[in-house]
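Participant: Using the hints, position chain B against chain A.
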Amino acid sequence: MQNTIKVERAILNLTQDDLAKKIGVSRQTINSIEANRYVPSTVLALKLSTLFNKPVNDFFKLSDDD
Amino acid sequence: MNTEKIMNCERERLNKITNFRLPHTFWTIGIAIVTISIITMFVRAFVMEGDTEWLKEITRKGMLVGLLLMSISKDKEEDELTIKLRMQSYAFAFVVGVAYALIMPYVEFGVSNVVNSGGEAYKDLGDFQVLVFMLLIQLMSFHTLKRYR
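Protein sequence lines, in the order shown, are assigned to chains A and B. If you want the numbering used here, it's the position in the first sequence, counting the first as 1, plus 13. If you want the numbering used here, it's the position in the second sequence, counting the first as 1, plus 581.
What the hints contain is simulated information worked out from the structure, not anything from laboratory work. Check each hint, because a few of them may be wrong.
Taking CB as the label site, the calculated pair distances span [claimed, not checked]:
(1) B/L636 to A/S76: 55 to 61 Å
(2) B/V711 to A/S76: 37 to 43 Å
(3) B/V676 to A/R50: 19 to 25 Å
(4) A/L25 to B/Q710: 52 to 58 Å
(5) A/K74 to B/Q710: 46 to 52 Å
Note that this is a predicted model, so its numbers are computed, not measured. The beta-carbon is built from N, C-alpha and C at its ideal position, and this holds for glycine as well.
Looking at chain A on its own, in the form it has when it is part of the complex (with noise of 0.2 Å):
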């Protein structure tokens, strides 16, 4: 799984920890998910669609290895 979150936090002009708090997880959890080390939940992906305003699609994409 990849993602483009790092794009959109700094389209929101968001810092990790920012985005943290208004999605309610620690800025290590964001930071894991960016780095593609973790894979969110659905609840946190849809959080995330909801404050990105985009659906959950556009910033998250299956890699060839899922």
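Facilitator: Relative to chain A, chain B alone:
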């Protein structure tokens, strides 16, 4: 109540039990209990005289309770990633604990017979030793996983 309702009720109850966590303050209480237990163990071993088996039992139980409180208390910032890491650490501790309980008696037996000829007889590990080992492995692996998340 039909069968489906009973199953749902059981499932919800089981989820509630498995997801149970104590507030983060219990982490501090756990550390305090473990510290007091360790200090008491040293005092009993090096300072106290006479029959102190009762104190040994109390400190052992205290240490287990303290480690358990540390293990089941929430993280400062508990979220889905820390929950996943905690589950991974429990799985790892369980596997390592079983391997430890299987291998360690033979290691102890072998070492004691190599060091003194005709050393100790073979004996299984006690419950305290295995449980403390598993709890320590769980806490250490959880904090290591958290550091590298």
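Participant: Hint says 19 to 25 Å; check whether the CB-CB distance for B/V676 and A/R50 agrees.
Facilitator: Given range 19 to 25 Å: holds, Cβ gap about 22 Å.
Participant: For the range 37 to 43 Å, tell me whether the beta carbons of B/V711 and A/S76 fit it or not.
Facilitator: This hint holds: roughly 42 Å between Cβ atoms.
Participant: Is the gap between the beta carbons of A/K74 and B/Q710 within 46 to 52 Å?
Facilitator: holds (49 Å)
Participant: Has the hinted range 55 to 61 Å been met by the Cβ atoms of B/L636 and A/S76?
Facilitator: This hint holds: roughly 59 Å between Cβ atoms.
Participant: Does the Cβ pair A/L25, B/Q710 satisfy 52 to 58 Å?
Facilitator: holds (53 Å)
When each numbered hint is compared with the structure, no violation occurs for any of them.
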